[in-house]
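**Q** As a plain string of letters, each chain reads:
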Amino acid sequence: MNLILDIAWTHVRARVRQTGFAVAGVATGVGFSIMMASLMQGSQDDFTSRLVNTLPNITVSDERRAPPPQPAETFYAAAEIHGLTPEARRRGIKNPLASMAALEAWLPGEVGSSVKVQAIIRYANHDIATNVIGIDPRREAKVSDLPKQMRQATLTALYRATNAIVIGDRLSDKIGARIGANITLQTSEGTRISAQVVGFFHSGVRQIDESTAYVLTKTGQILAKQTGLINELRVRLRDPMNSREIAERVERDTGYKSVSWQEANEDLISTFIIRNIIMYTVVGAILLVASFGTYNIISTITHEKARDIAIMKSLGLSEFTVRSIFVIEALIIGVAGAIVGFVLGYVLCLALGTVEIKNPFIDSDHLPLAYSYLHYLLAGTVALVSSVAAGYQPARKAARLHPVEIIRGAT
Amino acid sequence: MSAAPQQTQTAGAAVALPLIEARNVTRILSGVVPTTLVHDIDLAVGDNEFVAITGPSGSGKSSLLYLLGLLDLPTSGELLIKGHATARMDEEERAFTRLTLLGFVFQFHFLLPELTVLDNVMLPMRALARLSRDGMKSRAADLLGSLGLGDHMNKRPDQLSGGQRQRVAVARALANEPPVILADEPTGSLDSKASEQVFQVLRDLVDKHGKTVVAVTHDVSLAARMDRRIELIDGAIVSDQALKGSR
Chain G
1 MNLILDIAWT
11 HVRARVRQTG
21 FAVAGVATGV
31 GFSIMMASLM
41 QGSQDDFTSR
51 LVNTLPNITV
61 SDERRAPPPQ
71 PAETFYAAAE
81 IHGLTPEARR
91 RGIKNPLASM
101 AALEAWLPGE
111 VGSSVKVQAI
121 IRYANHDIAT
131 NVIGIDPRRE
141 AKVSDLPKQM
151 RQATLTALYR
161 ATNAIVIGDR
171 LSDKIGARIG
181 ANITLQTSEG
191 TRISAQVVGF
201 FHSGVRQIDE
211 STAYVLTKTG
221 QILAKQTGLI
231 NELRVRLRDP
241 MNSREIAERV
251 ERDTGYKSVS
261 WQEANEDLIS
271 TFIIRNIIMY
281 TVVGAILLVA
291 SFGTYNIIST
301 ITHEKARDIA
311 IMKSLGLSEF
321 TVRSIFVIEA
331 LIIGVAGAIV
341 GFVLGYVLCL
351 ALGTVEIKNP
361 FIDSDHLPLA
371 YSYLHYLLAG
381 TVALVSSVAA
391 GYQPARKAAR
401 LHPVEIIRGA
411 T
Chain H
1 MSAAPQQTQT
11 AGAAVALPLI
21 EARNVTRILS
31 GVVPTTLVHD
41 IDLAVGDNEF
51 VAITGPSGSG
61 KSSLLYLLGL
71 LDLPTSGELL
81 IKGHATARMD
91 EEERAFTRLT
101 LLGFVFQFHF
111 LLPELTVLDN
121 VMLPMRALAR
131 LSRDGMKSRA
141 ADLLGSLGLG
151 DHMNKRPDQL
161 SGGQRQRVAV
171 ARALANEPPV
181 ILADEPTGSL
191 DSKASEQVFQ
201 VLRDLVDKHG
211 KTVVAVTHDV
221 SLAARMDRRI
231 ELIDGAIVSD
241 QALKGSR
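Protein chains in written order, with this note's numbering: chain G, 1 to 411; chain H, 1 to 247.
These are calculated hints, taken from the structure and not from any lab test.
The structure presented is a predicted model; accordingly, all values stated were derived computationally and were not measured.
Think of the CB as a built atom: it goes at the ideal place given N, C-alpha and C, for glycine as much as any other residue.
Take these hints with a grain of salt, some might be off.
What the hints assert, rightly or not - Partial list, derived from the structure: chain G residues whose beta carbon lies under 10 Å from chain H:
id, residue
1, LEU3
2, HIS11
3, ASP308
4, SER314
5, SER318
6, ARG400
Stated by the list, open to error - So the derived label-pair ranges between C-beta atoms look like this:
id, chain 1, residue 1, chain 2, residue 2, range
7, G, VAL347, H, ARG88, 54 to 62 Å
8, G, LEU374, H, LYS82, 51 to 59 Å
9, H, ARG133, G, ARG238, 58 to 66 Å
10, G, ARG408, H, LYS193, 46 to 54 Å
11, G, VAL343, H, LEU29, 52 to 60 Å
12, G, ASN296, H, ARG88, 33 to 41 Å
13, G, PHE292, H, LYS155, 33 to 41 Å
14, H, ARG133, G, VAL343, 29 to 37 Å
15, H, VAL32, G, VAL347, 54 to 62 Å
16, H, ARG156, G, ILE278, 49 to 57 Å
17, G, HIS366, H, LYS155, 54 to 62 Å
To be verified - Residues from chain G that face chain H, not an exhaustive set, calculated with beta carbons under 8 Å:
id, residue
18, THR10
19, ALA14
20, ILE311
21, LYS313
22, LEU315
23, GLY316
24, GLU319
25, THR321
26, PRO403
27, VAL404
28, ILE407
Using the sequences and the hints given, assemble the complete structure.
**A** Listed below in structure tokens is the structure:
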């Protein structure tokens with residue numbers, strides 16, 4: 001093995017410039033692959049964490065996936081009813097406290113209750129459709145990051161005034177409301193109340209910051225014109241990634257529509273999958289192009305070293321040994337390229353991390369980057385495999401050279 | 001080796017096996033117009049012989065040497081090395097036979113340019129891997145010392161003269177102590193002084209170390225100083241004669 005390594009190293013070392021270019025090709029591929037993977041993963045993680053932290057992991061609403069069946073349909077298989085308006089139900093989750101206690105008994109996380117009402121915020125000639133959510137500020141910390149997202153006040157400020165309201169910072173910018181401003185909330189059912197702005201929040205998700213407001217549960221119930229109404233249970237799990245499975249069980253247990261954060265953002269998550277496919281295709285293409293460089297250098301070396309190959313074979317070195325020499329040379333280029341590429345990738349990530357940019361979906365100041373050893377492992381592995389694959393063909397060809405033909409040619 | 005040794009019997013008495021034996025060997029290069037390199041070669045080379053293969057250019061001298069050295073395969077006929085048939089050997093077995101039983105010296109030294117003289121001589125030993133690293137180094141140094149190259153071990157081939165390079169090639173051929181040295185025009189590219197030095201090295205291998213040397217040469221005076229002369233014309237042996245009093 002030492003012999004193979006020695007000769008391979010000697011060949012590579014004797015062609016510093018050519019080897020350097022081949023290594024640079026692999027390194028560029030590896031470096032940019034790491035940078036792209038880091039950027040893609042970072043933006044995905046950032047967006048996901050914002051979704052997970054800003055919204056409840058699971059939202060149980062007082063809706064049902066399908067209208068309840070008519071009694072006749074339940075009792076008689078032959079019965080089929082057309083054109084009947086489904087029975088109107090009283091809004092809200094039945095026995096919310098009992099439902100919460102039942103859920104908290106088994107699910108790994110916390111449950112909070114809220115009242116969600118659609119309302120128009122009116123202020124200074126602005127009419128903005130808003131989701132007004134009535135919450136219990138003391139319990140909110142257990143089910144969302146809202147207390148951490150508060151600006152210029154804490155969530156307990158909701159207790160300070162009658163009909164106090166906390167609005168998203170973008171919404172406040174839009175309507176020009178400041179702390180202490182009195183705004184008007186009006187629902188489609190005609191309820192109209194005046195509320196005092198006591199604080200702002202900033203979730204980082206533009207859509208939420210522009211169109212959501214929080215009030216006390218009681219205020220929400222007044223807006224909904226239904227005392228004691230709870231129309232939403234908000235669940236935060238210890239492991240948000242299990243939300244989908246737990247949401248299904250919650251729905252089975254309660255009968256209410258239970259939506260995990262993944263289901264609520266399915267279109268975005270499927271976009272991530274497509275984005276990842278594109279990323280890995282581009283990364284694969286970069287590394288494939290880099291492997292052409294390796295193929296080129298190994299082909300050149302085997303061509304230049306045809307006489308040496310003939311001599312080694314005439315001395316009794318086996319085809320395996322000769323082939324191994326050139327495969328090891330490709331591996332040396334791959335390893336060197338991967339190591340340089342790791343450094344390049346890290347530096348590119350650092351440089352990219354300093355770039356300020358505005359994202360239409362999230363208002364992060366800098367490009368979000370994920371530093372993961374997996375990116376390095378993946379890019380390095382692909383670089384090594386592609387280098388060896390690129391070197392194998394010329395190495396195999398070289399090992400099969402007929403020494404007599406070359407020796408005759410040399411003489 | 002794939003085949004069992006075949007011992008020649010003469011009048012009921014066991015005779016020593018030839019080191020190399022060609023039985024009716026023919027080599028034809030395939031192509032649009034097939035070319036016969038050598039044909040109907042019957043030849044046996046024994047222990048401690050110094051054999052010259054001579055003939056005009058294109059007579060098949062080198063082709064025969066490559067066949068004897070398992071660098072090429074006969075189209076028909078049989079070639080035996082120490083009594084073992086080589087026809088059914090695969091490439092790995094032929095390589096191992098070359099590594100252990102045959103040493104090659106070519107007209108041009110064919111040393112690996114990036115390696116030092118010492119590393120070049122150690123190359124076959126390292127491929128065989130029977131000795132320790134120190135053992136290989138010591139043996140290579142001894143070989144080079146015995147050929148008058150003790151001061152040049154750490155030089156590269158391009159720092160040596162033609163005669164010195166050829167002597168390094170001889171040392172490399174002897175690295176694994178093969179019983180047979182096959183030399184293709186070993187003095188063909190050397191001046192008369194260097195030729196004489198290299199010839200004397202080969203002579204000593206036979207006389208002092210009991211090796212068998214088969215050398216292709218077109219130098220008639222050099223061939224006349226060997227023990228046996230095989231002459232080829234148009235790929236066939238036309239004469240095979242012992243040269244009396246050549247030593």
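**Q** Against the structure shown, which of the earlier numbered hints fail to hold, in ascending order?
**A** 10
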